[in-house]
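Number of protein chains: 4
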Amino acid sequence: MTDFFNGIAPIRYEGPDSASEFAFRHYNPDEMLLGKPMKDHLRFAAAYWHSFAWPGGDPFGGQTLERPWFGETMDHAKLKADVAFEMFQILGVPYFCFHDADVRPEGASFAENTARLREITDYFQQKMEETGVKLLWGTANLFSHRRYMAGAATNPDPEVFAFAAATIKTCLDATQQLGGENYVLWGGREGYETLLNTDLARERAQAGRMLQMVVDYKHKTGFKGAILIEPKPQEPTKHQYDYDVATVYGFLKDFGLEGEVKVNIEQGHAILAGHSFEHELALAASLGIFGSIDMNRNDYQSGWDTDQFPNNVPEMALAYYEVLKAGGFTTGGTNFDAKIRRQSLDPEDLILAHVGGMDACAAGLKAAAAMLTDGRLEEQRAARYAGWDKPEGKALLSSDLASIARMVEEKKLDPRPRSGRQERLENLVSRFV
Amino acid sequence: MTDFFNGIAPIRYEGPDSASEFAFRHYNPDEMLLGKPMKDHLRFAAAYWHSFAWPGGDPFGGQTLERPWFGETMDHAKLKADVAFEMFQILGVPYFCFHDADVRPEGASFAENTARLREITDYFQQKMEETGVKLLWGTANLFSHRRYMAGAATNPDPEVFAFAAATIKTCLDATQQLGGENYVLWGGREGYETLLNTDLARERAQAGRMLQMVVDYKHKTGFKGAILIEPKPQEPTKHQYDYDVATVYGFLKDFGLEGEVKVNIEQGHAILAGHSFEHELALAASLGIFGSIDMNRNDYQSGWDTDQFPNNVPEMALAYYEVLKAGGFTTGGTNFDAKIRRQSLDPEDLILAHVGGMDACAAGLKAAAAMLTDGRLEEQRAARYAGWDKPEGKALLSSDLASIARMVEEKKLDPRPRSGRQERLENLVSRFV
Amino acid sequence: MTDFFNGIAPIRYEGPDSASEFAFRHYNPDEMLLGKPMKDHLRFAAAYWHSFAWPGGDPFGGQTLERPWFGETMDHAKLKADVAFEMFQILGVPYFCFHDADVRPEGASFAENTARLREITDYFQQKMEETGVKLLWGTANLFSHRRYMAGAATNPDPEVFAFAAATIKTCLDATQQLGGENYVLWGGREGYETLLNTDLARERAQAGRMLQMVVDYKHKTGFKGAILIEPKPQEPTKHQYDYDVATVYGFLKDFGLEGEVKVNIEQGHAILAGHSFEHELALAASLGIFGSIDMNRNDYQSGWDTDQFPNNVPEMALAYYEVLKAGGFTTGGTNFDAKIRRQSLDPEDLILAHVGGMDACAAGLKAAAAMLTDGRLEEQRAARYAGWDKPEGKALLSSDLASIARMVEEKKLDPRPRSGRQERLENLVSRFV
Amino acid sequence: MTDFFNGIAPIRYEGPDSASEFAFRHYNPDEMLLGKPMKDHLRFAAAYWHSFAWPGGDPFGGQTLERPWFGETMDHAKLKADVAFEMFQILGVPYFCFHDADVRPEGASFAENTARLREITDYFQQKMEETGVKLLWGTANLFSHRRYMAGAATNPDPEVFAFAAATIKTCLDATQQLGGENYVLWGGREGYETLLNTDLARERAQAGRMLQMVVDYKHKTGFKGAILIEPKPQEPTKHQYDYDVATVYGFLKDFGLEGEVKVNIEQGHAILAGHSFEHELALAASLGIFGSIDMNRNDYQSGWDTDQFPNNVPEMALAYYEVLKAGGFTTGGTNFDAKIRRQSLDPEDLILAHVGGMDACAAGLKAAAAMLTDGRLEEQRAARYAGWDKPEGKALLSSDLASIARMVEEKKLDPRPRSGRQERLENLVSRFV
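Residue numbers (the UniProt record's numbering), protein chains in the order written: chain A, 1 to 433; chain B, 1 to 433; chain C, 1 to 433; chain D, 1 to 433.
Everything labelled a hint here was simulated from the structure, so no lab data went into it. Possibly wrong hints are sitting among the right ones.
Just so you know, same-sequence chains aren't split out, so a pair can sit in one copy or run between any two.
To be verified - Pairs of lysine-lysine, DSBU-like flavour, derived with a Cα cap of 35 Å:
| no. | residue 1 | residue 2 |
| --- | --- | --- |
| 1 | 390 | 220 |
| 2 | 127 | 390 |
| 3 | 224 | 411 |
| 4 | 412 | 127 |
| 5 | 390 | 412 |
| 6 | 39 | 411 |
| 7 | 253 | 39 |
| 8 | 78 | 412 |
| 9 | 127 | 253 |
| 10 | 134 | 78 |
| 11 | 412 | 238 |
| 12 | 220 | 411 |
| 13 | 253 | 394 |
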């Protein structure tokens, strides 16, 4: 045991009235909801990078966080892993997620990176066996190193594509070794800074080909996890090719991969793309590509990715409502791609940020489950479209413009609008949050 | 002749040094550029609605414009048409565009709407023959009337779908009768205000079916024009299904219509979706769905559609550069979906707004053609990707992750980033604008 | 009694578990909080305009709402008043607010406008006496009519300034007659569309002079209410002179009116200016100019004023926390500058929108009061600044740069940052919402 | 001579048709405009930090730029200075600007920082004498170091205030020694991340007191330069106290410093605050606090500070038009607070970015001067307000509400709106850009 968390005991559920900061007031892992324990609905994962690899910098300031594991040796990497798994156990999160760059120091070559990743993968494997913590997903950081400044799969230089492809291979291997349930592709640099130097068609084709290779490798190695793309519109780039769910869907259709790849949707990225989080969830579900979520909170008024811990229960209830309507998570889960604020210096802050976030998710999930059980929301939605379930409605869809025009004229159709009842539905939702 | 424009003579090209407000300084219709007269590159169209149907209202104020043709009779409609064609001739625009609701008063029934549309279509036909002005596209206004408040194709009420379908049929007929070169679908209400009362999957399917009907009717009637969708992210709705080019592409692929339907891209709508205009143009071209443009200007700092007349030549040069790279317009053109400001009360303002806009487009086009002729921009773009044209680059794309990883390790690949040269390319562009 | 609301009975408090849509679950008018009944904390006011004067239009669509009082006669105006007061009584709101243009048809002249305003003022007076409903504030609509298209006080035409000044006088008179507790100035057109035709310095001076006249008239007539400015950054204009609280403060200081005029802060306007609502409230309180609030909800992702009924309790708790810290309302209150969605056609929607909004405010207020009573938030805030209350901290503020530099060097000061504890404080807030 | 720029010769004016990338096409330093050489209008300054201190990082990636002077010794600092002055001479910029943290490595204590700053100040002094390059302004970096994470003047910890004050003193001394014409305060951390832990009133008072100390020190030491505040709304914080020009003005008025302190306005910061650059310039001029400008370009579609080199001449013409109308710069100038893109790796990129930016400014200035000489824009603006210069207009401003109301009624005033002529004015501007 390191003493980083200074004796903080595992967090337990104590109910809404608990006076303790270090207790769950809503997250009760084994409480049954809709026939399943809460923990199996939420499938919480802690993100390695923000909690253990981020030094607290922002565009106008450097490191604020001081951690004993900051350093460039494998010993630092192992100390980091020790503390991380201690946090996972204190929180009782069943999963974690990582990028290669979070868990091992950058090496001088691809071979050294690979060796270091293998070493830490073995170390993780042992810790996972000891603790029972599982891997929700692994991924490769193909955006921080300067070699990727102009893209990874979409780089104008084929050597960078090759380096990226090779790195993905090692990360897929590590993910498979650790029993990861998904593998994520985050295209932070798969976009452009200026269209003036960019061949958008070519870059998009490169990205499609890389994705195909990933899918092929998955099948070849028998990796059972899902392949996920995480949409983001911009930042760090001017434009990313995986802008939002709809854009990713068009991309998958274009390359015939819509049956192979799903999306990992982040609240903050949805916001930056101009959508509500629940929109992106509902859209992905309707297109059959819903995979997993990154549950953070973006400041609606900041035009960049603020990645804050979530705390607005009414908003989360709407998100989990879409997750539940989509049938819940299969391989996916609730990953906290959230980072403590750079002023939150104390080890306790790291624990309490997760406690608050997990509790907010749990409260949101409970509200969502209650809304679904209640049924009035779905009832009213169905009633609004009832005309389409009648024979005339169905017939209309197989008719044609000329016949419809004749019918409208003959029947002197003059449709009367009906109230959309938005405020009533919002009031109904308010009952549950 | 009405005397609305009070004797303003047809606008002529007088060159950059002309002292006259009522002259073109850049738009010289017959000047040859890249082997084609400027007018055939630009294919200008005036928009009926903003210039003749809009009363000057905004969300906090009512009518400011006073026009003799404002009224609800067919006589008003014909006076409006007389003035419109006078403006087309003063400006020398070869095309115009219209919605049904712009050109005829709203009737008490579908039948009356149809009759009125036919009457004004005949009137247009005669004026078009007299003046030589052609129709770039027609469209149906399926958003202003309260029956469409919850959508047209995507309405929860099948009767509204029917009314919309019937109306599209009449507008397609009118467009065909007038030799329109395109038919546009603008989905102002094809979206939602709140996800709480919306079945997104169902509505999207309805929209897909309507689009199929339009395509079928086009083939059945032998209409030769292109079918265009005009993407817009929001406003008037919280979310529109045709958010941006990438979203429309995914939608078309889903319904197998990507070979049948193209996009009409508006500068202001691109901006509201978080994209640059040139991005949307380049993307559409790369996906094979580029059709036409609405050239207006949106205030970058206003979160709504300001639809101003364009005046920033450097920005327009980048847009026309993408149009030229895409091979130029075929059925499409440059429609001004721009409205004079609500304080621009005088008839002269209407003329001068177009003169300025046309001149700005012409200056942008000339700069774009010069850049293309110069060739350095494309040369540098090609050079940046040259590695992909070499055998090793090509081989890479047909390789697989495992082989690539071996190769990277064996060759000790360590790709070195190269300058993206953004400022140099921007300087190069500055030479031409 | 009109039968517009079709027998909806007055809304009563039935507690959180009430199954009825037509009951308050949180708003319990006489429940005591911090020594005062809830109703006296909240001081709810219904806004006449959005609920009774707005036809449901938006920039792409016309009227959706059909109301028997829509029309241009005084009989229509009185029917509207009858229904309005019925709604006030059904809801049990103690106050209402109005613009002159909401309550009387536009006349052909200033004299006719004045006569009509007097007639309806008398009618209101009688209804107020009958029902006990009071006037929170009156105001003049100096933005909808075309004469104001280029501003009211800031118009380039002195005659418009005069017309506006005269109109304000009549509205102040009406407000005084009705015992209004405030008079509001909303500068919807006090700004510009383009700087190219605007003399910003001159317009700002005109606005300052108009405000002085209003203050002078208030003192001359003995009007006891507060004069309030309602900040807004833009929409309908490109820029408004009363952009936000800080801007209004600078303006008041410039004209020496900071002791005479306060602000009416709207959530949606705060958002559009890039601020959180609670920021604007806290800032106004700290500057001594906090007056009243417009409690609506703006869609954070729409760049225009959506004016929705509020429903997010965690956000409202933060707002009322600032109101309570500022000492609560004196002349001000909670006005709903919120409109039902244009698809909410039914009379019930109007009632239920208010019920939901009032309940959300009440829940927010209760949470805010609980947080204040709990005291931990203020305790931790005070602790963070404790160094400034020590003698060394106080001395520092009366020192000078050179002395401080010597001291820093001599004492080898090397200040160590302390955690800002944001997540812990957010968790603390979550306990109460 | 270092050989960093590899023999790039000083950039000369060669006129618009120059084929060379390494020549000015518009910036002709000694060309007379409105009676003054162009260089004295523009007063260009190169920013030390972005060009020499920034490693190329962004929120998702680390260092991309490799510079021989990156390192933590005074030798590195001097090499950096050598290269910087070589660039100043190649470009022919008359001025430079710096933060303390850009020019010396961070020391272990305040005393060491001071000693290092003195050493490099002496080094600068010598280089300035050799080259004739002057200092436009100096400033202290009170935002990057972790001690400032919660603010400098506005920190909850008095020791941080003291450290900041002492540091400002040393930077003022250095600025004075080097004959700096201004001293700038940039409040990157003078704001808050969350209102929950912030005492906004207290922090604002601390900031006011610090500013007073700076002004006092200036007078005591006889520093002749202007004190400037650079407004910014947010990023890196959630909210900064110096949000925009109007906010700074209110702040200055509150502390009685409006005659002592002016503003340094940055294009990108204006944009982020929701204003056009020209608005902020015009407002500052009208309030008597216009000082200097940071001329960069912000991506309008990115919600963070992109700080790109400027290239849009029509926009710059509007900015310099306001500068000229304000009487031009006195102590201020045109500082490029612009950084090359992180992919612009080559030394040439640094030179060419400035060449393009300087040329764009020069072209903008020439257009602005031509517009001013032409006079039509000011003529039309004056004509619009002509009514206010007549006796009736003047009388109106000294009247009162009651008298005006009587007058409006008696004269049956019914003001008729006149066209705002926006498009015509935009066309007029287009003639010059």
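Here is how each hint holds up against the structure:
1. For a Cα distance limit of 35 Å, the shortest separation of residue 390 from residue 220 across copies, 28 Å, qualifies, whereas the shortest one inside one copy, 48 Å, does not.
2. Proximity of residue 127 to residue 390 under the C-alpha cut-off of 35 Å is found in neither arrangement, the shortest distances being 58 Å within a copy and 46 Å between copies.
3. For the homomeric pair residue 224 and residue 411, the shortest alpha-carbon distance between copies (31 Å) is at most 35 Å, but the shortest distance inside one copy (57 Å) is not.
4. For a Cα distance limit of 35 Å, the shortest separation of residue 412 from residue 127 across copies, 32 Å, qualifies, whereas the shortest one inside one copy, 73 Å, does not.
5. Only within a single protomer do residue 390 and residue 412 lie at most 35 Å apart by alpha-carbon distance; the minimum there is 20 Å, versus 62 Å between protomers.
6. With identical chains, the CA atoms of residue 39 and residue 411 are never at most 35 Å apart, being 56 Å at best within one copy and 47 Å at best between copies.
7. With identical chains, the CA atoms of residue 253 and residue 39 are at most 35 Å apart within one copy only, with a shortest distance of 34 Å there and 38 Å across copies.
8. Within a single copy, residue 78 and residue 412 get their C-alpha atoms only as close as 76 Å, which misses the 35 Å cut-off; across copies the closest is 27 Å, which meets it.
9. Taking the closest pair of Cα atoms, residue 127 and residue 253 never come within 35 Å of each other, the shortest separation being 40 Å inside a single copy and 46 Å across copies.
10. Proximity of residue 134 and residue 78 under a CA criterion of 35 Å is satisfied intra-copy only: 17 Å inside one chain copy versus 52 Å between copies.
11. Taking identical chains as interchangeable, the C-alpha atoms of residue 412 and residue 238 lie at most 35 Å apart only when they sit on different chains, with a minimum of 32 Å there against 52 Å within one chain.
12. Only between protomers do residue 220 and residue 411 lie at most 35 Å apart by alpha-carbon distance; the minimum there is 24 Å, versus 60 Å within a single protomer.
13. Proximity of residue 253 to residue 394 under the C-alpha cut-off of 35 Å is found in both arrangements, the shortest distances being 27 Å within a copy and 23 Å between copies.
The structure is inconsistent with the numbered hints 2, 6 and 9, although it conforms to all the rest.
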